[in-house]
Amino acid sequence: MTSSQDTLADFEETAMPFLSDVMRFALSLTRDRPSAEDLVQDTFLNARRSWHQFITGSDCRAWLFTICRNRFYRVREQAERQISTEDADLESLAAARDLAQVDETALTAALERSDLRDAIRRATYGLPAAFRDVAMLVDWHDQPYDRAAEILGIPVGTVRSRLFRARRLLQEQLLNHAHDAGLLPAPPRSSSVETQS
Amino acid sequence: MNGDMMDCEAVMRKLWDFLDHELTPARMEAIEAHMHACQKCQPHLAFRDVFHRAVTGASEDVGDTTALAARVRRALRAELSVE
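Protein sequence lines correspond, in order, to chains A and B.
Sequential numbering from 1 applies to the first sequence in the numbering used here.
Sequential numbering from 1 applies to the second sequence in the numbering used here.
Watch out, some of these pointers could steer you wrong.
With a straight-line Cα cutoff of 20 Å, these simulated EDC-like cross-link-like pairs (lysine to aspartate or glutamate) come out [unchecked claim]:
| hint | chain 1 | residue 1 | chain 2 | residue 2 |
| --- | --- | --- | --- | --- |
| 1 | B | Lys-14 | A | Asp-180 |
| 2 | B | Lys-14 | B | Glu-60 |
| 3 | B | Lys-40 | B | Glu-60 |
| 4 | B | Lys-40 | B | Asp-64 |
| 5 | B | Lys-40 | A | Glu-13 |
| 6 | B | Lys-14 | A | Asp-142 |
| 7 | B | Lys-40 | B | Glu-9 |
| 8 | B | Lys-40 | B | Glu-22 |
| 9 | B | Lys-40 | A | Asp-142 |
| 10 | B | Lys-40 | B | Asp-61 |
| 11 | B | Lys-14 | A | Glu-104 |
Computed far set for chain A versus chain B, every beta-carbon distance over 10 Å [stated by the list, open to error]:
| hint | residue |
| --- | --- |
| 12 | Met-23 |
| 13 | Thr-56 |
| 14 | Ala-62 |
| 15 | Ala-135 |
| 16 | Arg-167 |
The set of hints was computed from the structure by calculation and includes no laboratory data.
Positions of the beta carbon are idealized from the N, C-alpha and C atoms, including for glycine.
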């Protein structure tokens, strides 16, 4: 075997077992199967080219996630930059909502009675990008906080606070969904004055 | 709660970390002990646990990736052959 074939064999043995995980991650980024498959191929080709940079014994799955995410956002760089600007405002908005109470009893009942997976996916995809990235990595791709921080290039404390806010926003949206879908009785109307135009 | 145990406010602040297994074993045990004894906090843990399981169970289904793996292996070999 030549040296490059040895390297390829080593790469495939270490990295290919994570292909399904990378596909799931790519799918959560693209939300479209053909695009996700292209992204997975692109990720593995780039990973093989950079294989000499991989530290033996480190977390290969997290390394592949980092490459996958970087490839995805490189393509969508301009669009994401616009979203990032909005995130600062939305983060402030979410911080203000942290103090609001969610009806835990009602949402527990809705979650226990109904399959809300589609609603949870829609709500997660609808989160501001900064919150969505953290929620997806931790909740869907089983990354511990420190790995998510490495992948996103942010401090662990930021992962923790964004995750807290992401979950709070998801709770609100799922509660609204449960009311709208008739899974829960309509909430009592506010007694505040309604203005007429 | 007595002085040896975490108080309710401290437990609430650490509840997501607890469910995500992001605490030291000693802190995990302290929260478990608190939850065992505190009826006020138990419903909050029950809610977050249900919510947590619902959210973590909502990840995309990737289906069979055999064909994709074969495609990626072909692409890796094709690229290597032209280097």
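A quick look at each hint next to the structure:
1. The suggested pairing of B:Lys-14 with A:Asp-180 is violated, with an alpha-carbon distance near 32 Å, which exceeds 20 Å.
2. Between the alpha carbons of B:Lys-14 and B:Glu-60 the distance comes to roughly 28 Å, so the proposed pair goes past 20 Å and is violated.
3. This hinted pair does not check out: B:Lys-40 and B:Glu-60 have alpha carbons roughly 35 Å apart, beyond 20 Å.
4. A distance of roughly 45 Å separates the Cα atoms of B:Lys-40 and B:Asp-64; the hinted pair therefore is violated under the 20 Å criterion.
5. Simply put, B:Lys-40 and A:Glu-13 have alpha-carbon atoms about 51 Å apart, too far for the 20 Å limit, and the pair is violated.
6. Annotation: proposed proximity of B:Lys-14 to A:Asp-142 holds, straight-line Cα distance about 19 Å (limit 20 Å).
7. At roughly 11 Å between alpha-carbon atoms, B:Lys-40 and B:Glu-9 fall within 20 Å of each other, so this suggested pair holds.
8. Taking the CA atoms of B:Lys-40 and B:Glu-22, the gap is about 23 Å. The hint is violated against a cut of 20 Å.
9. For the proposed pair B:Lys-40 and A:Asp-142, the alpha carbon gap of about 30 Å is over 20 Å, so the pair is violated.
10. With a CA separation close to 37 Å, the supplied pair B:Lys-40 and B:Asp-61 exceeds the 20 Å bound.
11. This hinted pair checks out: B:Lys-14 and A:Glu-104 have alpha carbons roughly 18 Å apart, not beyond 20 Å.
12. Listed as a non-interface residue, A:Met-23 fails to keep its Cβ farther than 10 Å from every Cβ of chain B; the least gap is roughly 5 Å.
13. Even its closest Cβ contact with chain B, about 19 Å, leaves A:Thr-56 beyond 10 Å, as expected for a residue assigned away from the interface.
14. Consistency note on A:Ala-62: stated as away from chain B, and its beta-carbon is indeed over 10 Å from all of that chain's, at 16 Å minimum.
15. Its beta-carbon lying about 8 Å from the closest one in chain B, A:Ala-135 breaks the requirement of being farther than 10 Å from that chain.
16. Against the 10 Å criterion, A:Arg-167 falls within the reach of chain B, whose nearest CB is about 7 Å from its own CB.
Of the numbered hints stated above, those contradicted by the structure are hints 1, 2, 3, 4, 5, 8, 9, 10, 12, 15, 16, listed in ascending order.
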